[in-house]
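Residues per chain, in single letters:
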Amino acid sequence: MMVTRRVPLVLLACGSFNPITNQHMRLFELARDHLHATGQYQVMGGIVSPVSDGYGKQGLALAKHRNAMAKLALGTSSWVTVDEWESQQPDWTETVETMRYHSERILKELGTHRDPNGNTPPLSCVSPQLKLLCGADFLNSFKVPGLWLDKHVEELVGRFGLVCVSRGSLQSERAVHESDLLHRHRHNIFLVTEWVRNETSATEVRRALRRGLSVKYLVPDSVIDYIHQHNLYTEDSERRNEGTLLRPLVKQARQPGKSLDD
Amino acid sequence: MQKQKVTEVVLLACGSFNPITNMHLRMFELARDHLQDTGQYNVVKGIISPVGDAYRKKGLIEASHRLEMARLATANSDWIKVDDWESLQAEWLETAKVVRHHYEELHAEDHNKDDVDTVHHGKKRRVDENHSEISRHQERRDGPKLMLLCGADVLESFAVPNLWKQEDIAEIVGCHGLVCITRSGSDPYKFIHQSDDLWQHHRNIHVVHEWITNEISATHVRRALRRGYSVRYLLPENVIDYIQERRLYSAESEQKNADIILAPLQRYTSASSSS
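As they're listed, the protein sequences go chains A and B.
According to the numbering used here, the first sequence is numbered sequentially starting from 1.
According to the numbering used here, the second sequence is numbered sequentially starting from 1001.
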């Protein structure tokens, strides 16, 4: 297949990034390699979108710090950037809402960028796509009662699509198989296998930091320096939002059709 | 009661480092945290000692490149250094000899030179002589202790026939010490328990749990590089740049030493067959 016929694609990762780790950035690399290997896509960029402070998750550091750390970490990436739009919203934003925002923005930007002389370049016949990049546990979060609205999941996988990185096991295949909704849109869900097991999580990084243990080589040095300078992750900081319900659970409570379990 | 004395420790990691990865560097951090947490040790230095080309492992690229990559990778560490002594030897060297060399280096400054030379160039000694020699050193002087840093796979390789000499294992573990990083799923205690040789020295074996599984291996990195996949965030960026500028890992480089028997196996197998 000709390169020019590839579908331009942008990957969006939503999450706490509390703090960003090498593993977060690794997901982007794995996803891009996988999509390029299909021969059908050209990954134009990646977006890291830290969740806003309103999310209410325990131990969540302020968005300004999480944004700053993500920017430091991605300073050397030629294609993944940080976008603050989601984190600047006064309330927690549904992921699908964030995707709509970026999708519109990308359509506008890529449209104008590629058409400087009024000519029609070969790519313009194919609109750029936006897909959500996630880890395997993300698929299972669809099953958590009250966390997602059906119509949002439908739009997320139906209109946009998912790129899900998992560790070789059948974990993500099973999640797709067990959900009728996901199974219906299975052609829009890309499962990427990570052959090297890497369990670096932000939770583990915070735990090590609280205990005074080294996190070098798990997160970039620039991020470690930033954490120490601002004394970000301590026993006190881990108690922030303790006992608070996650904002999605509150916001979406008593709305119809909230459960995927039935 | 007197306050417990804190022993200074130098960690030595031997291996191919083909290429060095974040996992190798991470092992040093985990080991240091663990040893210092005991309150008994203060880790003052880490040494990375890449194996010489004569090791003849499949896909092993020139030591000069492996050394340079290790130097680049440790440039931003204030305690891990690269040492080229092992890689400069014409012949493959048993790890025990590398350990011995570095132990002597550590104690050379405040030590009578004749004594160093006798240990260094000593002819084949009997094991117990070596033991007493080194333990005498340690009793006499409060110099740093040298410990070999390794993964659980090295510990388990002690059981592979013809790979290790029993007296070398006894010297490394008995006279010096081992810091062994284990991944979830492997049980080094069981392994140590099942080996009488290791059990004898089990107090010198420090097992460090890596709670965050991280399976970045150099083999995986080379495979990804051959196939044109990204290895970013698996090894330091300056190392990736170095590899890409020189196109170090290819299908061709992976064929180096193909079908050649690993130096230790060749040495010990021929020794035993001729006897």
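Since the hints were made in silico from the structure, they are not lab data.
You may find that some hints are simply not true.
[Unchecked claim] So, partial list: chain A residues that the calculated Cβ filter (under 8 Å) puts toward chain B:
#, residue
1, D33
2, K108
3, V196
4, T200
5, E204
6, R210
7, S214
Since we're looking at a predicted model, the values are computed, not measured.
Note that beta-carbon positions come from the ideal geometry of N, C-alpha and C, so glycine has one too.
Now the hints, each set against the structure:
1. Hint status for D33 of chain A: holds, given a least beta-carbon distance of 5 Å to chain B, under 8 Å.
2. A cut of 8 Å between beta carbons decides the hint on K108 of chain A: the least distance to chain B is about 29 Å, and the hint is violated.
3. At its closest, the beta carbon of V196 of chain A sits 5 Å from a beta carbon of chain B; the interface hint therefore holds under the 8 Å criterion.
4. Because the closest C-beta pair between T200 of chain A and chain B is about 5 Å apart, less than 8 Å, the hint holds.
5. Taking 8 Å as the C-beta cut-off, the interface hint given for E204 of chain A holds, the closest approach to chain B being about 5 Å.
6. For R210 of chain A, the suggested interface contact is broken, since its CB lies about 13 Å from the closest CB of chain B, more than 8 Å.
7. Taking 8 Å as the C-beta cut-off, the interface hint given for S214 of chain A holds, the closest approach to chain B being about 4 Å.
The structure shown violates the earlier hints numbered 2 and 6.
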